[in-house]
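Student: The whole structure should be built from the sequences, with the hints applied where relevant.
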Amino acid sequence: MNANQTTKFIDIVGVEQTFKTKKGPFCALRDIHLTVAKGEFVALIGHSGCGKSTLLNLIAGLTTPTQGHLLCDNREIAGPGPDRAVVFQNHSLLPWLTCFENVYLGVERVFGAANKSTGAPSENKVQLVERTNAALALVGLTPAAQKRPGEISGGMKQRVGIARALAMEPKVLLMDEPFGALDALTRAKLQDELLEIVARTHSTVVMVTHDVDEAVLLSDKIVMMTNGPSATIGEVLSVKLERPRNRVRLAEDRHYVQYRKAVIDFLYTRQSHVEKAA
Amino acid sequence: MLKKTFIRAIEYWLPSADGSLLEFGGGLFGEAKRFEAATVELCFGQGEGLPGQAWECGHPVLLKSLEAPAFRRAAAAKAAGLTCAIALPVFVAERLCTVVVMFCGDDSEHAGAMELWHNHPEDGPDMKLLDGNYGTTGDTFEFISRSTSFRLGTGLPGRTWESQAPVFMPDLGRGSGFLRSESAVKVGINRGFALPCGATDNQVYVLALLSALATPFARAVDVWQPDAQRTQLVHSLGFSADQDDTTRTGETPQLLDSSVGQVFATGVPFLQGERLLIPVAMHQHITAVLALAL
Numbered sequence: 001m002n003a004n005q006t007t008k009f010i011d012i013v014g015v016e017q018t019f020k021t022k023k024g025p026f027c028a029l030r031d032i033h034l035t036v037a038k039g040e041f042v043a044l045i046g047h048s049g050c051g052k053s054t055l056l057n058l059i060a061g062l063t064t065p066t067q068g069h070l071l072c073d074n075r076e077i078a079g080p081g082p083d084r085a086v087v088f089q090n091h092s093l094l095p096w097l098t099c100f101e102n103v104y105l106g107v108e109r110v111f112g113a114a115n116k117s118t119g120a121p122s123e124n125k126v127q128l129v130e131r132t133n134a135a136l137a138l139v140g141l142t143p144a145a146q147k148r149p150g151e152i153s154g155g156m157k158q159r160v161g162i163a164r165a166l167a168m169e170p171k172v173l174l175m176d177e178p179f180g181a182l183d184a185l186t187r188a189k190l191q192d193e194l195l196e197i198v199a200r201t202h203s204t205v206v207m208v209t210h211d212v213d214e215a216v217l218l219s220d221k222i223v224m225m226t227n228g229p230s231a232t233i234g235e236v237l238s239v240k241l242e243r244p245r246n247r248v249r250l251a252e253d254r255h256y257v258q259y260r261k262a263v264i265d266f267l268y269t270r271q272s273h274v275e276k277a278a
Numbered sequence: 001m002l003k004k005t006f007i008r009a010i011e012y013w014l015p016s017a018d019g020s021l022l023e024f025g026g027g028l029f030g031e032a033k034r035f036e037a038a039t040v041e042l043c044f045g046q047g048e049g050l051p052g053q054a055w056e057c058g059h060p061v062l063l064k065s066l067e068a069p070a071f072r073r074a075a076a077a078k079a080a081g082l083t084c085a086i087a088l089p090v091f092v093a094e095r096l097c098t099v100v101v102m103f104c105g106d107d108s109e110h111a112g113a114m115e116l117w118h119n120h121p122e123d124g125p126d127m128k129l130l131d132g133n134y135g136t137t138g139d140t141f142e143f144i145s146r147s148t149s150f151r152l153g154t155g156l157p158g159r160t161w162e163s164q165a166p167v168f169m170p171d172l173g174r175g176s177g178f179l180r181s182e183s184a185v186k187v188g189i190n191r192g193f194a195l196p197c198g199a200t201d202n203q204v205y206v207l208a209l210l211s212a213l214a215t216p217f218a219r220a221v222d223v224w225q226p227d228a229q230r231t232q233l234v235h236s237l238g239f240s241a242d243q244d245d246t247t248r249t250g251e252t253p254q255l256l257d258s259s260v261g262q263v264f265a266t267g268v269p270f271l272q273g274e275r276l277l278i279p280v281a282m283h284q285h286i287t288a289v290l291a292l293a294l
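Line by line, the protein sequences are chains A and B. Positions 1 to 278 (the numbering used here) are the ones given, in order, by the first sequence. Positions 1 to 294 (the numbering used here) are the ones given, in order, by the second sequence.
Keep in mind that the hints were calculated from the coordinates and are not lab data. A couple of the hints might just be wrong.
Here are the simulated lysine to any residue pairs, SDA-like style, with alpha carbons at most 25 Å apart [unchecked claim]:
| # | chain 1 | residue 1 | chain 2 | residue 2 |
| --- | --- | --- | --- | --- |
| 1 | A | K116 | A | D73 |
| 2 | B | K128 | A | V257 |
| 3 | A | K189 | A | R254 |
| 4 | B | K128 | A | K189 |
| 5 | A | K261 | B | T140 |
Tutor: Okay, here's the thing in structure tokens:
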């Protein structure tokens with residue numbers, strides 16, 4: 001892998017996203033330039049309507065930009081693919097399948113057929129089951145593998161969503177407010193687990209969040225977006241806190257507090273701007 | 001009683017007739033009389049001393065320690081309490097017009113910071129801190145500045161980059177758009193002023209001066225920018241620390257044959273009574289004229 005592939009693993013160049021509406025074109029995002037290095041954890045933060053999820057959807061290939069282009073590992077993003085797995089706030093599990101079956105479904109789709117692009121042969125059922133069990137073990141859900149989504153807690157459902165994403169061995173993990181619907185304690189536990197998983201898997205992660213503490217705790221880089229419409233990237237904060245990170249120790253860390261204040265500062269300034277404009 | 005200013009002295013250097021040296025052009029030295037005396041007879045070749053380095057590099061140079069051998073007037077600077085300087089070369093169409101050098105100190109009467117921000121288009125869209133002098137403001141503000149990068153049009157450096165002209169933020173604590181305001185106010189910094197800097201390397205440099213109410217960066221600041229027809233220069237910003245820190249605009253426009261107009265046309269600074277008129281350049285053309293009184 002050359003240096004460009006490492007430092008520009010995800011490369012977003014001059015992206016604009018305009019939607020057609022009944023009232024005419026609506027520019028959600030403009031002039032987006034962003035690079036994400038391999039193994040980097042990037043948080044997208046900003047007020048509602050600033051286009052964070054739109055940007056994540058563009059990286060996922062769920063939508064295509066009206067201008068500019070996006071590359072992942074030097075290949076243009078032209079649609080969804082198993083190299084970019086998405087974890088949504090709504091876990092999107094199939095309620096009639098068990099946790100195991102929900103994860104297995106994705107594993108079978110990706111590894112159950114020969115991979116034309118890499119030339120990898122299809123895997124047999126034993127291998128697929130092993131992959132599924134490993135993913136569930138990674139998120140601590142082995143004991144709940146045979147339960148259905150209706151029989152487990154919200155935090156566990158979200159773990160299944162993460163397991164399903166990680167089981168596909170994606171190059172990039174895209175997370176759209178994954179812990180937004182959880183209570184504070186469960187969210188903290190899952191954040192800690194995510195820190196451990198990312199440390200083990202060296203995943204490249206792009207996460208949308210509203211939570212300042214979550215952004216500082218998890219990220220290497222916090223991308224702060226201006227208000228929409230025509231939102232763009234305003235400021236980028238490099239979080240140089242050593243890993244592994246421990247939330248209890250960080251709470252008293254001088255630099256952690258400064259990063260946190262800087263993000264709050266940005267959001268507060270932006271919010272006051274909105275109020276003035278209103 | 002006059003407030004002490006964050007910029008303690010300012011000087012400018014002009015290319016000699018044959019273009020081989022930088023000769024002293026003038027300056028404002030306030031109480032730094034000995035430093036002024038040590039300055040007026042000097043000249044610098046390309047790469048020599050701070051002005052010569054800025055000439056050779058083709059971009060601003062921040063010197064955080066005024067000590068020999070990097071700084072020839074070290075003893076005089078020390079005696080005057082000057083500890084940090086930035087040299088700002090002004091180029092028009094590859095031709096060096098002047099090198100302006102601003103000096104500040106870091107004693108207890110100098111609450112403020114001097115930052116040089118930089119964007120290299122080949123490296124991406126972020127404007128990052130190249131270097132900064134934070135004096136007595138402690139490391140809190142410095143830490144967050146070094147962690148932050150700005151996009152075009154955002155924050156003090158980004159807004160200056162976009163406007164290509166000086167930007168003044170009179171109160172950083174009041175949701176002014178200064179994105180590091182909480183850290184700044186905590187260390188006593190409450191106002192910001194930034195100007196684009198000249199360079200020959202097609203990269204973008206912005207100088208940000210951040211100061212406290214008790215030590216304004218200058219006693220008076222005025223900025224003129226050309227109108228759309230470029231027939232006259234419109235007063236876009238005025239600030240006086242001696243008149244209740246008020247900001248004012250709308251003074252009489254300056255024609256091109258005025259002193260302000262001549263600085264704009266030639267790129268050569270002009271000492272007008274107690275204030276120095278300085279050309280502000282970006283991408284090798286003059287975008288504004290800045291007047292400073294210390």
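Student: Below or equal to 25 Å on CA atoms is what counts here, so check A:K189 against A:R254.
Tutor: holds (23 Å)
Student: Within 25 Å, alpha carbon to alpha carbon, are A:K116 and A:D73?
Tutor: Roughly 17 Å separates the two Cα atoms, so the pair holds.
Student: Does the structure keep B:K128 and A:K189 at a Cα separation of 25 Å or less?
Tutor: Given pair B:K128, A:K189 is violated - Cα atoms ~35 Å apart, limit 25 Å.
Student: Can the restraint linking B:K128 and A:V257 be considered satisfied, given a maximum Cα separation of 25 Å?
Tutor: holds (21 Å)
Student: Taking 25 Å as the top limit, are the C-alpha atoms of A:K261 and B:T140 close enough?
Tutor: holds (11 Å)
Hint violations for this structure: number 4 only, all remaining hints satisfied.
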